[in-house]
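Engineer: Heads up: the sequence shown begins at 1 in UniProt numbering, then just goes up one per residue.
For the record, the hints were derived by calculation from the structure and aren't laboratory data.
Backbone N, C-alpha and C fix where the C-beta goes; we use that ideal spot for every residue, glycine too.
This list has only true hints and no planted wrong ones.
Ranges between beta-carbon positions, derived for each pair:
| no. | residue 1 | residue 2 | range |
| --- | --- | --- | --- |
| 1 | Leu32 | His54 | 29 to 37 angstroms |
| 2 | Asp59 | Val27 | 48 to 56 angstroms |
| 3 | Ser52 | Leu32 | 29 to 37 angstroms |
| 4 | Pro64 | Phe37 | 48 to 56 angstroms |
| 5 | Glu65 | Ala39 | 45 to 53 angstroms |
| 6 | Asp23 | Gly56 | 49 to 57 angstroms |
| 7 | Phe34 | Val58 | 30 to 38 angstroms |
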Amino acid sequence: MPDMSASASLAMTHLATLAKEVDEDKVTPGVLGFIVFAAMALAVWALMKSMSKHMGKVDFKESPEGEASGEETADSPSGKTSPAKG
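Please put together the full structure from these sequences, using the hints given.
Structural biologist: Okay, here's the thing in structure tokens:
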């Protein structure tokens with residue numbers, strides 16, 4: 001087993017030298033930055049999926065002006081109300 005600890009020690013020595021090559025003054029996002037980015041990506045994905053679902057329900061066909069009685073009501077697809085007559 002002494003060979004195992006020697007190889008582990010050697011590996012740790014190499015990793016320690018790699019870690020010292022990193023600039024200590026350099027700022028990196030780290031794990032918290034990744035978690036925030038992943039959460040934002042999931043939120044955008046969920047919003048896009050919801051938007052796609054809602055856009056599928058929209059009827060893009062417009063009815064011709066004055067289709068039935070020549071007047072538009074509050075229930076018309078355009079949402080315009082007809083002026084009061086009389």
